[in-house]
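J.: Sequence:
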Amino acid sequence: MLLQDVLDTPGLGIRLLHGDAAALARPVHRACTTDMPDPTRYVSAGSLVFTGLVWRRAPEDSEVFVAHLARAGVAAVAAGEALLGEVPADVVDACARHGLPLLAVPDDVPFSTVLEHLTRQWSSARMDRLQTGLARQRRLLAAFADGHALGELLARVCREFDVPAWVFSATGTLVAGNDELGESVIDACCDVALSAPRFPAEIPNGYTVLPVGSALRDRTTAWFLVLGPAAARNEDCVDAFTELATVAALERVRREDRLRAAWDTADARGVADAAGAAHPAGTPLVAVVVERTPAATPEQHVALRAVVSDALPSCVTGIDAAGRTVAVVAGTESDVVAVLQRRLGRLAPVLAGARIAVGVSGTCAGESIDGGIRSAESAAAIARGDTGPVSVRAADLDSAVGLLSAVPDRVRRAFADRTLGQVLDYDRRTRAGLMTTLEAFLDCDGSWRRTADRLHLHPNTVRYRIGRVEALTGRNLAHIGDRLDVFLAVRALA
Numbered sequence: 003m004l005l006q007d008v009l010d011t012p013g014l015g016i017r018l019l020h021g022d023a024a025a026l027a028r029p030v031h032r033a034c035t036t037d038m039p040d041p042t043r044y045v046s047a048g049s050l051v052f053t054g055l056v057w058r059r060a061p062e063d064s065e066v067f068v069a070h071l072a073r074a075g076v077a078a079v080a081a082g083e084a085l086l087g088e089v090p091a092d093v094v095d096a097c098a099r100h101g102l103p104l105l106a107v108p109d110d111v112p113f114s115t116v117l118e119h120l121t122r123q124w125s126s127a128r129m130d131r132l133q134t135g136l137a138r139q140r141r142l143l144a145a146f147a148d149g150h151a152l153g154e155l156l157a158r159v160c161r162e163f164d165v166p167a168w169v170f171s172a173t174g175t176l177v178a179g180n181d182e183l184g185e186s187v188i189d190a191c192c193d194v195a196l197s198a199p200r201f202p203a204e205i206p207n208g209y210t211v212l213p214v215g216s217a218l219r220d221r222t223t224a225w226f227l228v229l230g231p232a233a234a235r236n237e238d239c240v241d242a243f244t245e246l247a248t249v250a251a252l253e254r255v256r257r258e259d260r261l262r263a264a265w266d267t268a269d270a271r272g273v274a275d276a277a278g279a280a281h282p283a284g285t286p287l288v289a290v291v292v293e294r295t296p297a298a299t300p301e302q303h304v305a306l307r308a309v310v311s312d313a314l315p316s317c318v319t320g321i322d323a324a325g326r327t328v329a330v331v332a333g334t335e336s337d338v339v340a341v342l343q344r345r346l347g348r349l350a351p352v353l354a355g356a357r358i359a360v361g362v363s364g365t366c367a368g369e370s371i372d373g374g375i376r377s378a379e380s381a382a383a384i385a386r387g388d389t390g391p392v393s394v395r396a397a398d399l400d401s402a403v404g405l406l407s408a409v410p411d412r413v414r415r416a417f418a419d420r421t422l423g424q425v426l427d428y429d430r431r432t433r434a435g436l437m438t439t440l441e442a443f444l445d446c447d448g449s450w451r452r453t454a455d456r457l458h459l460h461p462n463t464v465r466y467r468i469g470r471v472e473a474l475t476g477r478n479l480a481h482i483g484d485r486l487d488v489f490l491a492v493r494a495l496a
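Here the working numbering is used: position 464 in the sequence shown is 466, and no number is missing along the way.
These aren't lab readings, by the way, just hints derived from the structure by calculation.
For every residue, glycine included, the Cβ atom is placed at its ideal position computed from N, Cα and C.
Watch out, some of these pointers could steer you wrong.
Estimated spans, in silico, between C-beta atoms of each pair [unchecked claim]:
| hint | residue 1 | residue 2 | range |
| --- | --- | --- | --- |
| 1 | Asp388 | Thr248 | 34 to 44 Å |
| 2 | Asp10 | Thr299 | 51 to 61 Å |
| 3 | Leu117 | Arg140 | 30 to 40 Å |
| 4 | Glu441 | Asp388 | 26 to 36 Å |
| 5 | His150 | Leu9 | 38 to 48 Å |
| 6 | Leu252 | Thr11 | 38 to 48 Å |
| 7 | Glu237 | Leu143 | 19 to 29 Å |
| 8 | Glu88 | Thr121 | 25 to 35 Å |
Turn these sequences into a full structure, and let the hints steer you where they fit.
T.: Pasting the structure below:
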């Protein structure tokens with residue numbers, strides 16, 4: 003009901019004392035009566051407030067009373083003329099200063115008569131809306147059951163109300179909607195959707211956010227329906243899209259079922275094999291490792307996997323022994339880094355002190371996927387040390403170790419076996435600790451003294467063990483080329 007409808011009611015004789023056409027177009031959601039000098043506790047936003055002016059003892063009282071109503075966000079004031087014979091000019095002036103429409107109720111019209119009429123009108127309107135909503139929801143559900151896509155149904159409701167709308171996930175990934183929407187608008191929508199205490203939630207730029215299903219349960223994996231500007235002022239429009247959100251919730255369940263089936267396949271085959279089978283030979287692939295700190299629960303591991311699957315559609319995912327999400331997706335390193343920075347960064351409002359560290363490998367394919375995953379693991383370890391709720395790091399491919407991670411696993415293992423195979427065999431037979439000494443020696447930049455101090459050995463013992471390594475490998479660790487070969491072989495075994 004609009005304020006104009008109250009004025010147009012025959013037999014009540016209500017007059018407009020202040021307000022323009024825009025004011026008369028205000029919706030009135032409820033009515034209340036108060037004569038308290040401070041009415042704040044007794045009114046609510048959108049109300050038509052009836053007052054008998056009992057609170058007015060002096061003209062200055064009007065400013066105080068009306069200011070309280072304006073701050074409360076009421077729709078309008080209806081002042082009775084029974085007590086004073088008319089509505090004083092100071093009341094009219096106060097309403098004008100605060101932009102509140104003011105109505106006058108004749109002295110022979112009891113407030114109860116007006117309130118009974120309004121209550122009947124609201125009850126009838128609510129019943130009509132309920133019946134219309136149920137009929138619309140039945141049509142939407144029937145169309146969805148018949149195979150119509152969510153995007154098609156969304157477009158249908160958008161045309162009906164001439165309002166643009168979109169369905170987004172918590173990362174800002176578009177689920178349905180045709181009109182373009184800038185990344186900055188998506189950022190604002192996600193920020194409000196993930197932090198709003200209740201729905202519908204309004205965004206300063208005029209957009210409205212509605213939940214899809216149980217969005218308040220776990221917002222990191224939730225969906226939201228976003229309406230274009232001005233839609234929130236139309237109750238029928240919001241009702242229609244709320245009903246559509248029910249259909250969107252069913253679509254979400256369908257997609258979750260398909261996602262779980264894909265997870266089962268990836269878990270059975272392993273991420274690398276499943277990703278290789280999912281893409282034609284030669285397709286550029288990128289490996290991603292995502293971890294949540296501090297240590298997450300098994301349920302949070304699954305939620306993180308769902309978030310990554312949402313942020314990178316069509317990726318193949320798994321959860322490794324450390325609880326990290328491992329993903330492989332077609333694309334380039336730079337594109338994947340940019341997407342993850344933007345989409346995962348939107349989850350910051352709901353991380354509640356937790357952090358997400360992400361490592362992204364360089365481009366890999368086929369046999370080098372495992373190496374790409376290791377490269378992404380190293381990058382994630384670096385990201386773990388960053389500040390901020392979300393950090394995304396690309397693998398370092400301008401180092402020898404970074405390049406080694408991109409080499410196919412079969413080639414890397416063969417290189418390590420040829421270079422260090424005899425040393426490993428010697429250690430297995432004698433437990434001489436050659437590999438431990440070699441790793442410390444390389445880590446100490448070839449310093450005998452520092453290696454001895456680290457391992458609590460005599461320097462001559464270190465010299466003897468490194469001599470045995472040189473004899474078994476055929477490499478002279480005093481030469482930079484030979485030392486690099488051995489260093490890379492050690493890292494290939496990691």
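J.: All hints are to be evaluated individually against the structure, with a verdict given for each.
T.: How the hints compare with the structure:
1. Asp388 x Thr248: 34 to 44 Å: Check passed, 41 Å falls within 34 to 44 Å.
2. Asp10 x Thr299: 51 to 61 Å: holds, 60 Å
3. Leu117 x Arg140: 30 to 40 Å: Cβ of Leu117 to Cβ of Arg140: about 34 Å, so the range 30 to 40 Å holds.
4. Glu441 x Asp388: 26 to 36 Å: Holds - the Cβ-Cβ distance for Glu441 and Asp388, about 27 Å, lies within 26 to 36 Å.
5. His150 x Leu9: 38 to 48 Å: holds, 43 Å
6. Leu252 x Thr11: 38 to 48 Å: holds, 42 Å
7. Glu237 x Leu143: 19 to 29 Å: holds, 21 Å
8. Glu88 x Thr121: 25 to 35 Å: For Thr121 against Glu88, whose Cβ atoms are near 27 Å apart, the range 25 to 35 Å holds.
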